[in-house]
Structure formats: C-alpha cells, structure tokens
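> Listed below are the residues making up each chain.
There are 2 protein chains.
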Amino acid sequence: MTVEQGYDEKLARILRIAAEVFAEKGYHQASIRDISRATGVSLSGLYYYFKSKEELLFLIQEHCFQTVLSNLEVLLDEVDDPHRKLRLLVENHLRFFVNNMAEMKVLSHEADSLSGEYRRRVNDMKKGYSQVCVEILDQLRPADSPIDTRVATFALFGMMNWIYNWYRPERDIPVEELAADMSHLFLRGFMEADVADLPPGAAEAAPGESRPSIWRR
Amino acid sequence: MTVEQGYDEKLARILRIAAEVFAEKGYHQASIRDISRATGVSLSGLYYYFKSKEELLFLIQEHCFQTVLSNLEVLLDEVDDPHRKLRLLVENHLRFFVNNMAEMKVLSHEADSLSGEYRRRVNDMKKGYSQVCVEILDQLRPADSPIDTRVATFALFGMMNWIYNWYRPERDIPVEELAADMSHLFLRGFMEADVADLPPGAAEAAPGESRPSIWRR
Chain A
2 MTVEQGYDEK
12 LARILRIAAE
22 VFAEKGYHQA
32 SIRDISRATG
42 VSLSGLYYYF
52 KSKEELLFLI
62 QEHCFQTVLS
72 NLEVLLDEVD
82 DPHRKLRLLV
92 ENHLRFFVNN
102 MAEMKVLSHE
112 ADSLSGEYRR
122 RVNDMKKGYS
132 QVCVEILDQL
142 RPADSPIDTR
152 VATFALFGMM
162 NWIYNWYRPE
172 RDIPVEELAA
182 DMSHLFLRGF
192 MEADVADLPP
202 GAAEAAPGES
212 RPSIWRR
Chain B
2 MTVEQGYDEK
12 LARILRIAAE
22 VFAEKGYHQA
32 SIRDISRATG
42 VSLSGLYYYF
52 KSKEELLFLI
62 QEHCFQTVLS
72 NLEVLLDEVD
82 DPHRKLRLLV
92 ENHLRFFVNN
102 MAEMKVLSHE
112 ADSLSGEYRR
122 RVNDMKKGYS
132 QVCVEILDQL
142 RPADSPIDTR
152 VATFALFGMM
162 NWIYNWYRPE
172 RDIPVEELAA
182 DMSHLFLRGF
192 MEADVADLPP
202 GAAEAAPGES
212 RPSIWRR
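Chains A and B, in that order, are what the protein sequence lines are.
Just so we're aligned, residue 2 is where the first sequence starts under my numbering, counting upward by one.
Just so we're aligned, residue 2 is where the second sequence starts under my numbering, counting upward by one.
Chain A with its partners taken away, still in its complex shape (with noise of 0.2 Å):
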C-alpha cells in the first residue's frame, strides 16, 4: 500500500462514520469529539485531514458527488443510445446511494449547513451532475412532449434521493430491480407522456381548493 492509497482509505473511512454520525444526530449538534470517538481517531489525528466541521461537511459531500460522477463518467463513456445512458444513471445513482444512505440524508438535511466556498464548490458539482441529466433527456425529449425538463430532471432525482426515506435493503427488492422500475416508470412516462391520450380524468385538472382551509392557501 502506498502512502497515499493509506491516507485515501483512511480519510474515506473517517468520511464514512462522520457520515453516519451526522445522519444520526444532525450536523449542527454533533461535534468533533463524537466523530473522534466513533472513529477512534484522536482530535489531533482528525484534525490531519481537515481544519474544521464545516470542512468535514464539505468532504463528505464532495467525496460523494466525485465518486458518483466519476463512476457515471466511465460507465457512459463510449455510449450512445440516450435511453441507455439514462438507464445507467439511475443505476449509477441508486447503486452508489442505496449503499451510502447516510450519506444521502446527509446531503439532502445538511445542503444549507455550507457556506461562501465550500458552499459554491457543492453547488458547482450538484449543477455539472443534473446538467448530465438534462443533456440526456434533451435526447430523449420527443418534440412534441409537453413536459417542462426541469421538472422531469428534479422528478428523477425526487424519486431516487427519497429513498433514504423508504428504502430498506433486507426488506425491500434489490437494487438492481429498483433501478429497473425507476427507469421503467421514469423513461415510460418521459418518453410518452402525451397528454390526448391519457384518460380525461386524468388530464384535467382539479377544481380549486374544494374549501376554505385554515392553513395558507
């Protein structure tokens, strides 16, 4: 093992508890002391790897975004076919996430916990990697769909990120099946999402708010 294979597998293992740590209790309220000791690492040795929680945060959610789209890189590489290549996103995406939940509530609960860099740095990764998404359904688009792309692009990633909310690997189908029906739900509904020929009730809209409500309107 390299010196610097030794200090990857070492910081991602640090990343990966911090990970669980955060999910567990909410960034703001764990504190450094927790990381240290769920990880056995000293203060001073956690301190190596970064100068403060917010850095912490911020490789955390870097690391994912880099391994997500660094993964997706290689697999679409040489591929042309839109419906393949978004086939492998959501296969790409789930795969990485259903074994990374933590991770995942920590990206979703904690995206407003970074600010001025690290903030801009996440956001920047966040926007390279939807607009892969959009290219792909930019292909796919029929020219006549009536679908708004960014609302199918946040459909996409809605139904895949929720997971962290349902999704339990010893009870629920296995990944690989849950990306199929992803895509097949997804990919279906994008591709023919014609309005004329769904059945009336439900193309039309629903009548305004049925009743007053006491909650805003």
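FYI, nobody ran anything at the bench for these hints, they're computed from the structure.
Heads up, a few of these hints could be off.
For chains that are exact copies, the list does not tell them apart, and a pair is met inside one copy or across any two.
[As the list claims (entries may be wrong)] Derived lysine-lysine pairs resembling BS3-like cross-links, with alpha carbons at most 27 Å apart:
1. LYS26 - LYS11
2. LYS11 - LYS52
3. LYS54 - LYS11
4. LYS54 - LYS128
Start from chain A and add chain B according to the hints.
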C-alpha cells in the same frame, strides 16, 4: 368570529411561523424563544397552545397531514375513475406543499425528531395517506405490470416531496402545470412500464461497479 375560530386561526398562524423558523434554523437549534420573537406571541401565550417544543413540532406535522388528508377526502368523494383519483391526489399534494414549503422541509427533515406517542400518531397518519395511494395504484395496475407497488408509491411521493429542494413559484411553471407534468410522467410510466417494449439499452442492467472505489461498495 366564534371563540373556536379565533383559537384555530391564531394557532394556525403560530404553526406556520414556527414551521418557517424550524425550516430555517433546524428544529433542534431553534428555541421557543425564537418562535416567540418571530410570532410576536409571549412565551406564556405560546404555552397556552402547547406544552413543549416537541408538541409544537407534532402539531405542525399533524396539521399538515390532517389538512392534506381531509382536502383529499373531499376531492375523492364520489370519484370512481382511478386515473382521476391519482391526478387529484397529485394535485392536492402539490397544491398544499407548494404553498407550505417550510412545512414540507420540516416534515422531511424532522421526521425522526418526534418520539413516543407523537411519533406513533404521525406515522399512523403517514401510513393512512400512503395507503390511499397504494389502493389507487392497485386499481390502476395492469395485470402484467412488473413494477413493485411499494417502489411506485414512494417513487411518486419522492417526485412530489423533493420539490422543496428546487421548485420556486416565481421562476418555475405554475403548480397546476407541475401537477399535470408529474401526473403524466408517473401515470404513463406506471401504466405502460412494460420492459419488453423499451429499447434494449434501457432495459439491460449496467455492468457492476466499473472500477474499485475507495468509497463503500
């Protein structure tokens, strides 16, 4: 205005503002003092409505589910067509949460912050709500559909609930169009998700991880 209406309206206003405070600062970091400052209601005035911060969080969550569920019940009354029912469910959900995005963030991020009886009661409401969706999907499901109902249900809720991360009423399409796009995306996908007629690239699974990752497999 009756006494009860006055009570309800004042409480509704407190819950709405408290949801904004929790969405902004996080439940654990926000204090009842913050809620008092934001609402302009004294601490003793607030404790007239709830005994603890946890009860306040419960009331917010309960109020959301009660409103969404009772609005849905009115909308679905005497509707038989399951396509129509699904469209109404999507529109009801999106219409409420587009107008109550702080609540959506709180429901999502603070699901684990309730304990004991509060948690049990909210979980029962959530189960009741997803059960309404499951029953509609069971009516819609083509006999040969390969899609798992639990996956379909949570794919739909994920698609809808994720909007608090990206949807901005001032820059995005109106909520009616959002509901139309999501209903179409989902309904088409769910009704016609037949693996056999998807292009081969979309149906085949991706090769396993394409290279070793220092992240968890």
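> If a hint holds in the structure, say so; if it doesn't, say that too.
Now the hints, each set against the structure:
no. : hint           : verdict
1   : LYS26 - LYS11  : within (22 Å within a copy, 33 Å between copies)
2   : LYS11 - LYS52  : within (16 Å within a copy, 46 Å between copies)
3   : LYS54 - LYS11  : within (17 Å within a copy, 40 Å between copies)
4   : LYS54 - LYS128 : within (24 Å within a copy, 37 Å between copies)
Hint check: no violations occur; every hint is consistent with the structure.
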